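Student: For chain A, the structure is supplied; the task is to place chain B on it using the hints.
As you go down the protein sequences, you meet chains A and B in turn.
The numbers in my numbering rise by one with no breaks, and the one at position 113 of the first sequence is 113.
The numbers in my numbering rise by one with no breaks, and the one at position 107 of the second sequence is 107.
Honestly, the hints are just simulated from the structure, not real lab data.
As the structure is a prediction and not an experimental result, all values here were calculated from the model.
Backbone N, C-alpha and C fix where the C-beta goes; we use that ideal spot for every residue, glycine too.
Any given hint could turn out to be false.
Computed far set for chain B versus chain A, every beta-carbon distance over 10 Å [claimed, not checked]:
hint: 1; residue: D16
hint: 2; residue: D102
hint: 3; residue: D118
Some, not all, of what chain B presents toward chain A, calculated at C-beta under 8 Å [unchecked claim]:
hint: 4; residue: G15
hint: 5; residue: K45
hint: 6; residue: K49
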Amino acid sequence: MGEGANVQTFFGIPFDIGNDVPGLIAAVIVFALMFFLSRNLELKPNKKQNIIEWIVDFTNGIIKGVMPEREGQKFSLLIFTLFSFIFISNQLGLMLQISVNNVTYVKSPTADVMTTMTLAFMVLVLAHFLGVKKLGFKNYFKNAYLSPVPFLLPISILEEFTNFLTLALRLYGNIYSGEVLLKLIYQFSKAYGIASFIPAVPLELIWQGFSVFIGSIQAYVFVTLTMVYISKKVEKE
Amino acid sequence: MSSEFLLGASGILWGDTLFYLVLFIILMALIKHFAWGPVTSMMEKRADKIASDIDNAEQSRQKAEKLEKQRQAALKDSHVEASQIIERAKTNGEQQRETIVDNANQEVATLKENAKQDIARERQNALNSVKDDVAELSLAIASKVIVKNLKLEDQKELIDSYIEGLGKQNEAK
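If we strip away everything but chain A, and leave its shape as in the complex, we get (with noise of 0.2 Å):
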């Protein structure tokens, strides 16, 4: 288990590359993963175009679901994104780790509350200033702590840590207690030769086929409650 941190940093802000790397790689693939099947695009699709299209079909189904469509259809591009780099984060985990001197640099990268405080800070941040934009201070600040009524004031400003927090710990700790334990099934599996090896090979299996579920139910989750968040902050009760 790479428990080390390699934090370097650049210009007084420390990074952990550690962290850092797992994310980018995850894009890159997201990125190649969109890239190919955007190609050779045609008006009556062909396989490639279908698979792209379904995942389009599908997050926008996840804002329709909670907004209408015309004013939903600006975070489509979001969400499909948000959605479909969470997916990629939560499975690359299970099937490839890269350890170098302790440090995991090949991992889920939602497996670290840093990058999923971050998901979660962005696009809370965005609800709020969308709200703002939308609704005007006034009426915004209304809207989402004084109504329904005024005296649940501080209830409601909990309410918006509780809700970062909880965005950003759901993820995290569905996804880092998944590779805890495909990590601990690896070390049971050497842990008394051959004895222990053939039981932690289904074990293993089973749990990686199980973590590929969680996976994408914590993508789908993550991706409807920040539009469930963004429309709370937008629309008027």
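Tutor: This is chain B only, laid out in the frame that chain A set:
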């Protein structure tokens, strides 16, 4: 080291936040340019095409219906027209037949008349010529008889009676 301090504090490496923000925005921009844009525009194009195809189909269906109606009407009209034409032809034929028959009858009548007249004339001519011939013949015969028998003594009586007869005729006049 500040980095160690941050790591020690609570592992907040805010460089990662920056990194992921920038990474995500770049990824979004790249996907928009290379994948999202083309795919969604193609999907929109397809949706438009399908909508216009449906409209076109509806239009052509209506057009076909209209044409069908026109055709039916034309067919009905043509039935009526055909029967009219046949009727007209029948009456025409009837009239023509009548006129032809009438003409023929008239012609036949005139021909008959002409023939009759011709026959009468011919007969008359024949009669006349026969009369002439008879007169000539009788004259010739008479002259021959007369030349042979006209001996003054023998025929004095005949001549006298003839002259007498002439004188009686003149007296009667």
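Student: At 10 Å, judged by beta carbons, does D102 of chain B keep clear of chain A as stated?
Tutor: Given a closest Cβ separation of 79 Å, the condition holds.
Student: Over 10 Å to the closest beta carbon of chain A is the bar; see if D118 of chain B clears it.
Tutor: Nearest chain A Cβ is 98 Å from D118 of chain B, so the label holds.
Student: Less than 8 Å between beta-carbons is the criterion; does K45 of chain B satisfy it with respect to chain A?
Tutor: OK, holds: K45 of chain B within 8 Å of chain A, min 6 Å.
Student: Quick one, is the G15 of chain B hint okay against chain A at 8 Å, beta carbons?
Tutor: holds, 4 Å
Student: Over 10 Å to the closest beta carbon of chain A is the bar; see if D16 of chain B clears it.
Tutor: violated, 4 Å
Student: Holds or violated: the hint that K49 of chain B contacts chain A, with Cβ atoms closer than 8 Å.
Tutor: Where the cut-off is 8 Å and the nearest Cβ of chain A is about 7 Å from K49 of chain B, the hint holds.
In terms of the numbered hints stated before, the structure departs from hint 1 and from no other.
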